[in-house]
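Participant: Letter by letter, the chains look like this.
Number of protein chains: 2
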Amino acid sequence: MKPSRDVYLIGAHNTPFIGKFHPDFIWKKHPDFETKKNPTLQEYLATAALGALEDANLKPADVQKGFVGNFVGELFSNQGHLGSVLASAHPDFYGKPFSRVEGACASGALALVNGIDAISAGYDVVLVAGAEVQTTVNAKIGADYLARASHYETQRELDPFTFPALFARRTKAYVDAFGIEEADIAKVVVNAYSNAAKNPLSHMGTVTMTLEKASEASDKNPTFLTNEELKPYIKISDCSQVSDGGSAVILVSAEGLAKAGKTPADAVRIVSYGHATGPIEGPSDLTQMDVTKLAGEEAYASAGVTPDQIQVAEVHDCFAIAQILAMEALGFASGPGKAKEELIDTDAFALDGKIPINTGGGLMAFGHPVGATGVKQAGEIFRQLLGRCGEYQVPGEPTIGLTQNMGGDDRTAVVTILKRG
Amino acid sequence: MKPSRDVYLIGAHNTPFIGKFHPDFIWKKHPDFETKKNPTLQEYLATAALGALEDANLKPADVQKGFVGNFVGELFSNQGHLGSVLASAHPDFYGKPFSRVEGACASGALALVNGIDAISAGYDVVLVAGAEVQTTVNAKIGADYLARASHYETQRELDPFTFPALFARRTKAYVDAFGIEEADIAKVVVNAYSNAAKNPLSHMGTVTMTLEKASEASDKNPTFLTNEELKPYIKISDCSQVSDGGSAVILVSAEGLAKAGKTPADAVRIVSYGHATGPIEGPSDLTQMDVTKLAGEEAYASAGVTPDQIQVAEVHDCFAIAQILAMEALGFASGPGKAKEELIDTDAFALDGKIPINTGGGLMAFGHPVGATGVKQAGEIFRQLLGRCGEYQVPGEPTIGLTQNMGGDDRTAVVTILKRG
Numbered sequence: 035m036k037p038s039r040d041v042y043l044i045g046a047h048n049t050p051f052i053g054k055f056h057p058d059f060i061w062k063k064h065p066d067f068e069t070k071k072n073p074t075l076q077e078y079l080a081t082a083a084l085g086a087l088e089d090a091n092l093k094p095a096d097v098q099k100g101f102v103g104n105f106v107g108e109l110f111s112n113q114g115h116l117g118s119v120l121a122s123a124h125p126d127f128y129g130k131p132f133s134r135v136e137g138a139c140a141s142g143a144l145a146l147v148n149g150i151d152a153i154s155a156g157y158d159v160v161l162v163a164g165a166e167v168q169t170t171v172n173a174k175i176g177a178d179y180l181a182r183a184s185h186y187e188t189q190r191e192l193d194p195f196t197f198p199a200l201f202a203r204r205t206k207a208y209v210d211a212f213g214i215e216e217a218d219i220a221k222v223v224v225n226a227y228s229n230a231a232k233n234p235l236s237h238m239g240t241v242t243m244t245l246e247k248a249s250e251a252s253d254k255n256p257t258f259l260t261n262e263e264l265k266p267y268i269k270i271s272d273c274s275q276v277s278d279g280g281s282a283v284i285l286v287s288a289e290g291l292a293k294a295g296k297t298p299a300d301a302v303r304i305v306s307y308g309h310a311t312g313p314i315e316g317p318s319d320l321t322q323m324d325v326t327k328l329a330g331e332e333a334y335a336s337a338g339v340t341p342d343q344i345q346v347a348e349v350h351d352c353f354a355i356a357q358i359l360a361m362e363a364l365g366f367a368s369g370p371g372k373a374k375e376e377l378i379d380t381d382a383f384a385l386d387g388k389i390p391i392n393t394g395g396g397l398m399a400f401g402h403p404v405g406a407t408g409v410k411q412a413g414e415i416f417r418q419l420l421g422r423c424g425e426y427q428v429p430g431e432p433t434i435g436l437t438q439n440m441g442g443d444d445r446t447a448v449v450t451i452l453k454r455g
Numbered sequence: 035m036k037p038s039r040d041v042y043l044i045g046a047h048n049t050p051f052i053g054k055f056h057p058d059f060i061w062k063k064h065p066d067f068e069t070k071k072n073p074t075l076q077e078y079l080a081t082a083a084l085g086a087l088e089d090a091n092l093k094p095a096d097v098q099k100g101f102v103g104n105f106v107g108e109l110f111s112n113q114g115h116l117g118s119v120l121a122s123a124h125p126d127f128y129g130k131p132f133s134r135v136e137g138a139c140a141s142g143a144l145a146l147v148n149g150i151d152a153i154s155a156g157y158d159v160v161l162v163a164g165a166e167v168q169t170t171v172n173a174k175i176g177a178d179y180l181a182r183a184s185h186y187e188t189q190r191e192l193d194p195f196t197f198p199a200l201f202a203r204r205t206k207a208y209v210d211a212f213g214i215e216e217a218d219i220a221k222v223v224v225n226a227y228s229n230a231a232k233n234p235l236s237h238m239g240t241v242t243m244t245l246e247k248a249s250e251a252s253d254k255n256p257t258f259l260t261n262e263e264l265k266p267y268i269k270i271s272d273c274s275q276v277s278d279g280g281s282a283v284i285l286v287s288a289e290g291l292a293k294a295g296k297t298p299a300d301a302v303r304i305v306s307y308g309h310a311t312g313p314i315e316g317p318s319d320l321t322q323m324d325v326t327k328l329a330g331e332e333a334y335a336s337a338g339v340t341p342d343q344i345q346v347a348e349v350h351d352c353f354a355i356a357q358i359l360a361m362e363a364l365g366f367a368s369g370p371g372k373a374k375e376e377l378i379d380t381d382a383f384a385l386d387g388k389i390p391i392n393t394g395g396g397l398m399a400f401g402h403p404v405g406a407t408g409v410k411q412a413g414e415i416f417r418q419l420l421g422r423c424g425e426y427q428v429p430g431e432p433t434i435g436l437t438q439n440m441g442g443d444d445r446t447a448v449v450t451i452l453k454r455g
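For the protein sequence lines, the chains are Y and F, in the order given. The opening residue of the first sequence carries number 35 in our numbering; numbering runs sequentially from there. The opening residue of the second sequence carries number 35 in our numbering; numbering runs sequentially from there.
For the record, the hints were derived by calculation from the structure and aren't laboratory data. Glycine residues also receive a C-beta, built at the ideal position from the N, C-alpha and C atoms. You can trust all of the hints, since none of them are fake.
Computed footprint of chain F on chain Y; a stretch qualifies when at least three of its residues, placed anywhere within it, have a C-beta under 8 Å from a C-beta of chain F:
1) 102-116
2) 126-138
3) 153-160
4) 175-186
5) 298-312
6) 441-449
With a cut-off of at most 35 Å between alpha-carbon atoms, the simulated DSBU-like pairs for lysine-lysine come out as follows:
7) Y/K206 with Y/K54
8) Y/K247 with Y/K174
9) Y/K174 with F/K70
10) F/K62 with F/K265
11) F/K174 with Y/K71
12) F/K36 with F/K296
13) F/K174 with F/K63
14) F/K36 with Y/K36
15) Y/K296 with F/K36
16) Y/K296 with Y/K453
17) Y/K374 with Y/K254
18) F/K293 with Y/K36
19) Y/K388 with Y/K206
20) Y/K70 with F/K174
21) F/K232 with F/K247
22) F/K36 with Y/K93
23) Y/K265 with Y/K174
24) F/K36 with Y/K453
25) Y/K36 with F/K453
26) Y/K296 with Y/K93
27) Y/K232 with Y/K296
28) F/K71 with Y/K174
29) Y/K62 with F/K174
30) F/K453 with F/K93
31) Y/K265 with Y/K54
32) Y/K174 with F/K174
33) Y/K36 with F/K296
34) F/K293 with F/K36
35) Y/K254 with Y/K62
36) Y/K293 with F/K36
37) Y/K174 with F/K62
38) F/K174 with F/K54
39) Y/K54 with Y/K374
40) Y/K36 with F/K93
Can you build the whole structure from these sequences, using the hints too?
Facilitator: Next up, the structure:
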């Protein structure tokens with residue numbers, strides 16, 4: 035979809051993404067355990083939304099429409115009705131039309147898509163916020179909550195950790211078809227942690243990940259599935275993080291841009307999006323991401339852009355194999371099974387590579403507060419295209435970027451293409 | 035908001051709304067208890083969506099965008115990611131851009147709002163489906179799930195039945211301020227059941243409700259709150275139903291209308307909507323629905339219509355008091371506290387009254403499968419304006435109708451105005 039009016043992204047804010055292993059995450063061994071609490075879902079939404087408005091040089095009263103991306107606040111935080119929760123963030127939000135959008139781990143990008151359509155429909159200032167809190171329960175209960183992104187009735191039983199098992203199944207199929215090694219897959223993991231170390235907001239920025247550690251299971255990096263067939267195909271380092279956090283961006287029309295006292299040079303344009311869904315029961319070919327492919331094709335065609343023109347990308351690396359499959363589905367490699375030769379062996383996704391990917395650390399190391407992720411991705415490309423990424427800034431003043439956010443086992447996919455100015 | 039392009043509603047489908055007391059609802063005393071199951075959330079979505087397409091004379095392949103309204107599928111059905119669930123309904127839905135929208139009990143109307151914006155944004159054929167299944171758990175657990183529509187952290191403790199308690203609090207405030215009697219409130223209840231008796235799809239169509247029964251607590255119509263202060267202010271008959279069901283409508287642009295082989299005379303136009311949210315912590319004045327009032331004012335102003343021009347309305351009667359407050363907020367009475375004199379005493383909301391309301395039985399007697407309700411309301415006005423309501427058809431060929439759908443304690447409100455042709 036090409037927006038019917040120009041859509042400018044003019045402000046973004048990201049809270050730190052935190053959870054287990056992050057120094058500020060409060061848990062039983064943290065010195066503040068008895069006296070302080072981690073931020074709530076409501077607080078993350080408010081911080082992200084107000085921060086993004088400030089970054090955009092706009093006020094809460096200027097907002098004409100708002101969308102919240104969140105997957106399962108009803109479960110982790112006992113709280114739904116998140117449009118109204120966002121309305122609590124500032125007195126001037128009273129009466130604003132806010133709502134929540136859900137598509138599992140693609141909830142954030144779906145909120146963004148609704149925001150883009152709202153600009154096309156005639157609104158001039160739209161707030162898009164995403165957040166998730168997941169650290170309120172233990173890992174097994176959390177895995178059960180997140181299994182609501184799969185076809186629960188038939189897929190839940192695969193393993194207590196349903197999603198790691200679904201992507202272990204992808205890994206097995208890919209290894210069987212194309213003969214990739216664990217050390218190859220490990221390279222995308224190491225890239226993520228290496229980038230996160232340069233990103234002060236990242237969940238895993240203080241954790242070191244070596245190629246050696248990421249390449250084979252060990253006491254410090256164990257396999258953990260119960261399903262014996264799939265167990266060898268995934269270990270802790272292959273997984274994204276169970277993070278808490280919030281992210282927001284401000285979208286405006288040309289009129290909204292003027293209202294914020296900005297010019298196109300201060301902004302990034304979202305020139306197209308692709309959005310596709312597939313049946314919840316699962317994909318037909320485990321070695322390809324067909325729904326992401328469809329969304330990418332739509333986004334490229336609407337923008338009149340080809341994959342080789344993309345200079346920086348945010349890709350949905352909920353698991354290491356997901357990044358590899360997404361890179362192929364998005365056309366960064368020439369076809370299925372080509373990622374190793376064309377991208378992994380050359381470190382093409384590194385900050386100084388041919389196509390830098392997940393420059394702030396991706397879902398694996400920046401972190402993955404589910405509903406925030408798709409919004410964060412847009413904010414990251416915005417910052418990269420405006421040269422605001424500090425230590426992890428991509429060199430060469432990139433002008434075209436891409437985001438890919440995915441729900442479930444490639445059952446929802448959103449791809450956006452952004453251009454500077 | 036006035037859509038930037040004409041938005042036509044050209045097809046609708048409603049499954050029966052069922053649950054306790056409905057003859058087809060399968061539970062332990064039903065003859066098919068061991069052999070058959072009630073439909074699932076996924077089945078309701080599919081039935082509603084495909085039925086609406088058939089009613090619109092369109093095929094699944096024609097759909098360009100889809101929205102699902104649902105509140106807490108993650109809890110009642112262990113299933114989120116409902117855009118992908120809808121994509122399973124037909125092979126030709128593969129790849130379509132579907133997503134889920136949530137705003138508590140206003141989820142259905144929010145899906146509709148997104149659908150209207152999508153037409154304004156340039157899509158020509160949009161599917162809007164809503165569904166909820168709530169009968170998978172007992173009433174107390176269900177009440178806890180639904181409490182996610184309130185500010186759970188501070189309001190859950192009000193009563194095991196949080197929402198009935200929140201609206202008992204509204205009733206108490208209204209009674210204290212304006213001196214209305216239980217027998218007055220009972221009249222809106224009796225109207226709902228009387229209308230539902232004429233509606234073959236209604237949940238409570240076979241249940242008789244007399245003014246005598248609805249006017250005071252009894253063994254057959256008990257009060258049920260634990261909160262002693264609020265307990266006298268609500269009894270079973272004042273509540274809407276815990277229903278399962280699905281509803282869908284098809285929205286098209288002028289191009290989509292032509293594609294379906296229809297003319298404006300076969301359709302109803304959604305000429306405007308109002309959408310507002312207030313802070314989740316609750317309203318400041320319990321005797322008024324300030325958020326509904328804002329949404330109504332926006333809808334009226336955008337449409338250039340006044341309340342006295344509305345000839346048929348669907349109003350969110352989640353509780354009897356909610357209908358009374360909504361009628362006042364929407365300007366059907368001249369101000370707060372005026373409903374008794376101006377509407378109730380004259381039976382103005384009856385099928386042959388001045389402003390027929392909830393002609394199919396409303397949430398109290400047609401039923402309230404939460405995410406379906408806002409979609410059903412639009413479908414009902416569509417059918418009334420085209421003279422398709424059979425035994426409960428409003429006389430005099432109405433040409434202008436209104437819907438009001440509400441989330442939580444008037445924390446989200448959506449009002450739409452529809453015109454024939």
